[in-house]
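Peer 1: Starting from the known structure of chain X, fit chain Z onto it as the hints suggest.
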Amino acid sequence: MSEQWRLETKPLVYEGGIHMPYSWTMGETGSRFFIEFRDKKRIMGSRCPKCQVVWVPARLRCPECYIGIGRDLWTEVGPNGTLRHFTVVNYSHPAHPLSADFAYGIIDLDGATRGFTHLISGTELTALRPGLRLKPIWRSERQGCILDIEYFTPIGGQP
Amino acid sequence: MKRVAVIGVSQTRFEEKIIDRNYADLVHEVTTGALQDAGMTIDQIDNVVTVSNDFWDGRTISSMAVMDACGSYGKNVSTVEGDGTFGVLYGAMRIWSGSFGTTLVVAHSKGSEGSPFLITNSMFDPFYYRPLGLDAISSAALQAQAYIDRRGASVEDWAEVSVKNHGNAQKNPYAQLPMDLTVGKVMASPMKSYPLKRLDCSPVSDGAGAIILSSEERVNQSRQKPVWLKGVGYAAELHYLGDRDLSNPIALMQAAKKAYAMAGIITPEKEIDFMEIYEAFSYMEPLWLEGLGICSPGKGGKMARSGTTGMEGRLPVNASGGVLSAHAVLVAGLIRVIEVVLQIRRKAGAHQLDKTRTGLAHGINGPCGQSHCVWILGAN
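Protein sequences, first through last, are from chains X and Z.
FYI, our numbering numbers position 123 of the first sequence as 123, with every residue one higher than the one before it.
Here our numbering = 1-based position in the second sequence + 159.
Chain Z with its partners taken away, still in its complex shape:
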């Protein structure tokens, strides 16, 4: 298969409410930012993939509102309504297919402008689930409880994840919620939906991100050293929460297996140096680590508690502060890819890790991680 690389990246600072730029302005900011990062002009972009959701934007065909802003005039442009990791997938496929040499992938979201409750309630079917009033938090709480019931997970271990990631965010100028926490502070935060407390939940942020993908032939157009897409896997499971074993992320296991096989990875816990994974809630980090095959079922909680996933640990996870510290919906998966790229380039700044030869970026879509996308990126 043709090799595809990331040759330009950009992200906004993530905030609770950005009032001086509308969402097209954010798209313009990161599009020009990615071009600047690469030292390229818009003429060198063959096609564009935008990532947006009509309900979050409050208009239909929300992608059309950012067409000017992403410089797609006269170009082939298409949209992913889903997490940014799937936008990268679509963008990369357009290069793998031979149709294009470069793709700009740009994602935006302003959670502050709509009602996160009503928008996430609307992800459920209108007959059986939506009228119950479930939303992102209460449905995640059912998964969190399933994780306790079936795998013996502990809320104190999740608090460790919150402490770690908000702590890491103190070194990331793009993060919304840098915090100096303790397990006690997390445990004492107000209960949202048992067993999830406020500091187990991510914020809903405003922000955007963009990357430029390139075929091997075109990577020299960028002044940046290419970071290669080594492997990808993606899978989905059933929609109704009752149909699924919420404690067993089978779609993630399938996605990870495919990504590792494509990247030639046999022992992921040894061959992957660091990870950026989509933990919209604290419990998701250990549960996804189990799904990624990094530890056995029920052992994910030990990873943060033992320091293994800390900045100085054997396998740093979410050195950026993760989704708990900045969660622009849909954008957050693209930010995981961007953070992995910055680490591999050795340009992550204050949260730069030591060992960054091979990194993993992960995104989710749908209630309780109904679908997953796993990327392996590397320097060579």
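Chain X on its own, in the form it takes in the complex:
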């Protein structure tokens, strides 16, 4: 159908875009979690009273048992942890908080049962291995968001 059309005219493309600001309310659980980040440099998890799993970030309810987790069952985890899985990213995008190459890791924070996902940098990335011990690098100016931790890096610098 399109062959003749193509001969007769050039397909037009409209260059548009959507720039849509949002103000996402974090709610009580998210606010409490990130206020601990901002004010005390503490990472909070929550222990399910039924399955005893320590979830991080802290949750209002256990996602698996679907029962509420009270504030009394919040517990500080980490801030250090052990690298579970990682990837080294070789491509760049303006929305990346760090310039490539950098890594993402799923980190088992000390005292938590489930993993915490964050950036890894400040080290030789080819030396990353599961089991590596990591610590967070906190920003000096913190806003109460996930990037108050700039990234995680091996304890003792180069592994």
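Possibly wrong hints are sitting among the right ones.
Said to hold, decoys possible - Listed next, with one range per pair, are the computed distances between beta-carbon atoms:
{"#": "1", "chain 1": "Z", "residue 1": "Pro285", "chain 2": "X", "residue 2": "Lys41", "range": "52 to 60 Å"}
{"#": "2", "chain 1": "X", "residue 1": "Ser23", "chain 2": "Z", "residue 2": "Leu397", "range": "22 to 30 Å"}
{"#": "3", "chain 1": "Z", "residue 1": "Glu471", "chain 2": "X", "residue 2": "Pro49", "range": "33 to 41 Å"}
{"#": "4", "chain 1": "Z", "residue 1": "Ser256", "chain 2": "X", "residue 2": "His93", "range": "42 to 50 Å"}
Please keep in mind that the hints were generated in silico from the structure rather than gathered at the bench.
C-beta atoms are modelled at their ideal positions from N, C-alpha and C, and glycine is treated no differently.
Peer 2: What follows is chain Z alone, placed relative to chain X:
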């Protein structure tokens, strides 16, 4: 339960960038294509299910933009924002419920028009994951590494999958990336996000697909022999990557179990003749085969390497070239169903398989296969 069959199918050719048709044009093309395939008219379609995503289309209520194109004027029409296999599920449920006799399910996506990075980054929650800059590729790379760490998977085995599927695509005129590859070529392709290289990753394609579902009473309206929906299962797991064991696709195991039970399948590796599964990345094919119970954990990599899943193998997987060779997001799961239908009808063309009595089609939704939908289709 009432029996439901697929009685008409159509797909576009998948391309990196389709510039002579907008996405409504693609929907029109496959809607009329499915009607033609069935020898039916739009009057014989009782209701329509569209499959689309607002972020990929760049407008809200993206389904409304294709309402005219899918012939839904005056009909009940509803939308699935998710993979096309779930669109088939919704469409089939509308017949199983007795509400409708026929359903048109149509999916479209033009990945070339938006930013795949920003759109897939937006699938993550805005507080804990999205600001990290994760996208489809980097999150999949974490799953790929988990597969290595926990199940001893090998990147060379994944390269075999890429070689096989791009090779199969050479026989499929609808595929975007037919390629004659070697394991060495895949291994030498540029690293995207360790351990995933470029040829481990699917493209993001433009294209559309449509199927017509029918109740048993109405199958004779089509000139095609019906292909029956024998079983279906679907399940989801948690959203946060850290909450999950990424090497253990539990939602797929649950979905497969339900689909096999409904279809009366006891030993899937023997009773299913061929499969079309959603491998957006090479490692997904062996990992999903493990989740589907076709082989034990950690053994998925052997399936392509040994030739078992090749065109001539005991259990051909992705004879069409799979998602690695054409990946219109959301559409790709519907294409898995369409390819299974074409194989069972013996109308797959150059990539027609020998044994196609019972086939499996599979789709995923969400990061790293957060949810899965498994279909069993058969000739009788």
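Peer 1: Does each hint fit the structure? Answer for all of them.
Peer 2: Tested hints:
1. Pro285/Z x Lys41/X: 52 to 60 Å: violated, 22 Å
2. Ser23/X x Leu397/Z: 22 to 30 Å: holds, 26 Å
3. Glu471/Z x Pro49/X: 33 to 41 Å: violated, 56 Å
4. Ser256/Z x His93/X: 42 to 50 Å: Given about 44 Å between the Cβ atoms, the range holds.
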